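For the sequence shown, this note's numbering begins at 1 and goes up steadily by one.
Hints are computed from structural coordinates only; laboratory data are not their basis.
In this text, all values refer to a predicted model and were calculated from it rather than measured experimentally.
Where hints are given, some of them may not hold.
Heads up, simulated BS3-like pairs for lysine-lysine below, C-alpha to C-alpha not over 27 Å straight-line [unchecked claim]:
1) 38 with 83
2) 83 with 73
3) 73 with 38
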Amino acid sequence: MGSSRRHEIRAVRILSFLQFLKEIDMATGTVKWFNSEKGFGFIAQDGGGADVFAHYSNIVSNGGYRELTEGQKVSFDVVQGQKGPQAENIVAA
């Protein structure tokens, strides 16, 4: 195996590991409510704390309609938005 091929494989392994670390660090919670017409709602964090704003553009979708349902379990990244905590990379759990 050539040197460049080994570097390619190593880079793929490193990227896979970084993705794994990101996934295990995601927050989890339950959708409190989501208005499909307006495209936003709120998620209650499992660990407590402030509810997290959820916008439809931050829902990870497989090409389908992006929406959440009340009571749905989700995982997500928490970032600081303009008015408080906001969810990004929202995925159904």
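Give me the numbers of the hints this structure contradicts, sorted from smallest to largest.
none
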